[in-house]
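Student: From first to last, the protein sequence lines are chains W and A. All letters in the first sequence, in the order written, are residues 1 to 272 by my numbering. All letters in the second sequence, in the order written, are residues 1 to 68 by my numbering.
What the hints contain is simulated information worked out from the structure, not anything from laboratory work. This one's a predicted model, so the numbers in the text were calculated from it and none came from an experiment. Worth double-checking, as some hints may not be accurate.
To be verified - In silico DSBU-like links for lysine-lysine, alpha-carbon gap of 30 angstroms or less:
| # | chain 1 | residue 1 | chain 2 | residue 2 |
| --- | --- | --- | --- | --- |
| 1 | A | Lys8 | A | Lys24 |
| 2 | A | Lys14 | W | Lys209 |
| 3 | W | Lys180 | W | Lys209 |
| 4 | A | Lys14 | W | Lys18 |
| 5 | W | Lys83 | W | Lys32 |
| 6 | W | Lys214 | W | Lys180 |
| 7 | W | Lys146 | W | Lys242 |
| 8 | A | Lys2 | W | Lys180 |
| 9 | W | Lys146 | W | Lys92 |
| 10 | A | Lys53 | A | Lys24 |
| 11 | W | Lys254 | W | Lys180 |
| 12 | A | Lys53 | W | Lys239 |
| 13 | W | Lys209 | W | Lys92 |
| 14 | W | Lys180 | A | Lys14 |
| 15 | A | Lys24 | A | Lys14 |
| 16 | W | Lys106 | W | Lys242 |
| 17 | W | Lys239 | W | Lys254 |
| 18 | W | Lys18 | W | Lys146 |
| 19 | A | Lys8 | W | Lys242 |
| 20 | W | Lys106 | W | Lys254 |
| 21 | A | Lys14 | W | Lys32 |
| 22 | W | Lys32 | W | Lys180 |
| 23 | W | Lys239 | A | Lys2 |
| 24 | A | Lys14 | A | Lys2 |
What the hints assert, rightly or not - Chain A is nowhere near these chain W residues, computed Cβ spacing over 10 angstroms in every case:
| # | residue |
| --- | --- |
| 25 | Gln73 |
| 26 | Asn82 |
| 27 | Ala111 |
| 28 | Arg119 |
| 29 | Met143 |
| 30 | Gln159 |
| 31 | Phe174 |
| 32 | Val183 |
| 33 | Arg233 |
Ideal Cβ positions, reconstructed from N, Cα and C, are used throughout, including at glycine.
These are the residues of each chain, in order.
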Amino acid sequence: MVLNDEQIERFSRHIILKEVGVKGQIKIIQSKILIIGAGGLGAPIALYLAAAGVGMIGLVDGDTVDLSNLQRQVIHFTPDINKPKVISAKEKIELINPDAKVITYKERIYASNIMDIIRDYDFIIDGTDNFPAKFLINDACVMAGKPFSHGGILRFDGQAMTYVPGSTCYRCVFQSPPPKNAVPSCSQAGVLGAIAGMLGTIQAVEALKFIIGKGTLLTNRLLTFNAFNMEFRTVPLHKNDKCPICGSNSSIVKLEDYEQPSCDLHSKESKV
Amino acid sequence: MKIIVNGKEQYIEKEINITDLLVKNNVDTPDMVSVQLNGEFVRRENFQNTIAKENDEIDFLYFMGGGK
């Protein structure tokens, strides 16, 4: 592949970085990245990946845009209310980069469909808002040998880690979903909208670093931050030999759906 | 004695189990966290009988389920 004049100008600030260069930019243009959840995290992720020139972006979300989403889901605008989120997001991505191919999945992920959805992608990004989905993404990616970025936010806090085959997985750290109601969701506890931007952009950077094969990923580390006091920390992680999916005696051999939390205040907002 | 909790030094009078350490750090319910002691994960059912000793490094990793 050779970059044309328009691409060289569009991506000049990337190309000038010696860690990216023409070679790295071509890798980005040829990459296929899947974003699961087109909400608080998915919005900045999709915008930045589109701007970066990612050639194929998959979007998975079964929801429509709600007024209460606009406080943080910056890819959706007021006239998009009631529009499927994947369509609203696709429209913005195509406005930023008309060359991007956007594949939409207006559905939730389940044990029954996730393997088919992730198959064609180089990197998967978790932008979901519930534990059943986060565990399902981890398990599917571990089983399929797909790298992915985990992200979670709550109130003023965020956390992220990156999995590549062989590294510490989400289940090494958090063995199984917490009991219902033990941990509040954003709709119960709230979240400062800009936190989603902080974490989503971190996840987008991880995806791009993976694609160009440069830098140090958040593998075997959990990045946590509290934006209220603006403190960042990375906690070293070790692979857990007793991990039920990637440990030496793994007990999970097939994907399963966990019960979705039913405690949300905003119950009409179905979950990815 | 000194222990390191979430990267910060804490002083405690005597050795303490993980359950009590969580209470001392205002973690309401152990279901909210995953705990690493000197880089090894401690199973939730072992919180009670796992003791933090001088200079131990303990990390509380919180479940964060938000994203949308």
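Student: Hint by hint, say whether it matches the structure.
Tutor: Here is how each hint holds up against the structure:
Between the alpha carbons of Lys8 (chain A) and Lys24 (chain A) the distance comes to roughly 14 angstroms, so the proposed pair stays at or under 30 angstroms and holds. Straight-line distance between C-alpha atoms of Lys14 (chain A) and Lys209 (chain W) comes to about 45 angstroms, which puts the hinted pair past the 30 angstroms bound. Distance check on the hinted pair: Lys180 (chain W) and Lys209 (chain W) sit about 35 angstroms apart at the alpha-carbon level, beyond 30 angstroms; violated. Of the pairs offered as hints, the one joining Lys14 (chain A) and Lys18 (chain W) is violated, with about 53 angstroms between alpha carbons and a cut-off of 30 angstroms exceeded.
Distance check on the hinted pair: Lys83 (chain W) and Lys32 (chain W) sit about 25 angstroms apart at the alpha-carbon level, within 30 angstroms; holds. For the given pair, Lys214 (chain W) sits about 39 angstroms from Lys180 (chain W) by alpha-carbon distance, which is inconsistent with the 30 angstroms threshold. At most 30 angstroms may separate the alpha-carbon atoms for a hinted pair to count; Lys146 (chain W) and Lys242 (chain W) meet this at roughly 21 angstroms. For the hint pairing Lys2 (chain A) with Lys180 (chain W), the CA-to-CA distance comes to about 35 angstroms; that exceeds 30 angstroms, so the pair is violated.
As the CA atoms of Lys146 (chain W) and Lys92 (chain W) are separated by approximately 27 angstroms, the hinted pair is consistent with the 30 angstroms bound. Under the criterion of a C-alpha separation no larger than 30 angstroms, the hint pairing Lys53 (chain A) with Lys24 (chain A) is consistent with the structure, at around 15 angstroms. This hinted pair checks out: Lys254 (chain W) and Lys180 (chain W) have alpha carbons roughly 23 angstroms apart, not beyond 30 angstroms. The hinted pair formed by Lys53 (chain A) and Lys239 (chain W) meets the criterion: a straight-line CA distance of about 23 angstroms does not exceed 30 angstroms.
The hinted pair formed by Lys209 (chain W) and Lys92 (chain W) meets the criterion: a straight-line CA distance of about 23 angstroms does not exceed 30 angstroms. In summary, the hint linking Lys180 (chain W) to Lys14 (chain A) is not supported, as the alpha carbons are separated by about 34 angstroms, beyond the 30 angstroms threshold. Between Lys24 (chain A) and Lys14 (chain A) the alpha-carbon distance is near 13 angstroms, which keeps this suggested pair within the 30 angstroms criterion. As the CA atoms of Lys106 (chain W) and Lys242 (chain W) are separated by approximately 36 angstroms, the hinted pair breaks the 30 angstroms bound.
Proposed proximity of Lys239 (chain W) and Lys254 (chain W) is supported: the alpha carbons are some 21 angstroms apart, at most 30 angstroms. In summary, the hint linking Lys18 (chain W) to Lys146 (chain W) is supported, as the alpha carbons are separated by about 27 angstroms, within the 30 angstroms threshold. With a C-alpha separation of about 28 angstroms, the suggested pair Lys8 (chain A) and Lys242 (chain W) falls inside the 30 angstroms cut-off, and the hint holds. A distance of roughly 24 angstroms separates the Cα atoms of Lys106 (chain W) and Lys254 (chain W); the hinted pair therefore holds under the 30 angstroms criterion.
For the hint pairing Lys14 (chain A) with Lys32 (chain W), the CA-to-CA distance comes to about 54 angstroms; that exceeds 30 angstroms, so the pair is violated. The hinted pair formed by Lys32 (chain W) and Lys180 (chain W) fails the criterion: a straight-line CA distance of about 34 angstroms is larger than 30 angstroms. Using a Cα cut-off of 30 angstroms, the hinted pair Lys239 (chain W) and Lys2 (chain A) holds, with the two alpha carbons roughly 27 angstroms apart. For the given pair, Lys14 (chain A) sits about 9 angstroms from Lys2 (chain A) by alpha-carbon distance, which is consistent with the 30 angstroms threshold.
Distance to chain A contradicts Gln73 (chain W) as a non-interface residue, since its nearest Cβ pair spans about 7 angstroms, not more than 10 angstroms. With a closest Cβ-Cβ approach of about 17 angstroms to chain A, Asn82 (chain W) is found to remain outside the 10 angstroms limit, as its non-interface label requires. Listed as a non-interface residue, Ala111 (chain W) keeps its Cβ farther than 10 angstroms from every Cβ of chain A; the least gap is roughly 19 angstroms. Residue placement check: Arg119 (chain W) keeps its beta carbon more than 10 angstroms from all beta carbons of chain A (closest about 22 angstroms).
No beta-carbon of chain A is positioned within 10 angstroms of the beta-carbon of Met143 (chain W); the least distance is around 21 angstroms. For Gln159 (chain W), the shortest C-beta to C-beta distance to chain A comes to about 5 angstroms, within the 10 angstroms cut-off, and the non-interface label is violated. Chain A draws Phe174 (chain W) into its interface by the beta-carbon criterion, the shortest separation being 5 angstroms against a cut-off of 10 angstroms. Once the 10 angstroms rule is applied to beta carbons, Val183 (chain W) is inconsistent with being away from chain A; the minimum gap is 5 angstroms.
The claim that Arg233 (chain W) lies off the interface is violated: its Cβ sits roughly 6 angstroms from the closest Cβ of chain A, which falls inside the 10 angstroms cut-off.
Hint compliance for this structure: hints 2, 3, 4, 6, 8, 14, 16, 21, 22, 25, 30, 31, 32 and 33 are broken, all remaining hints hold.
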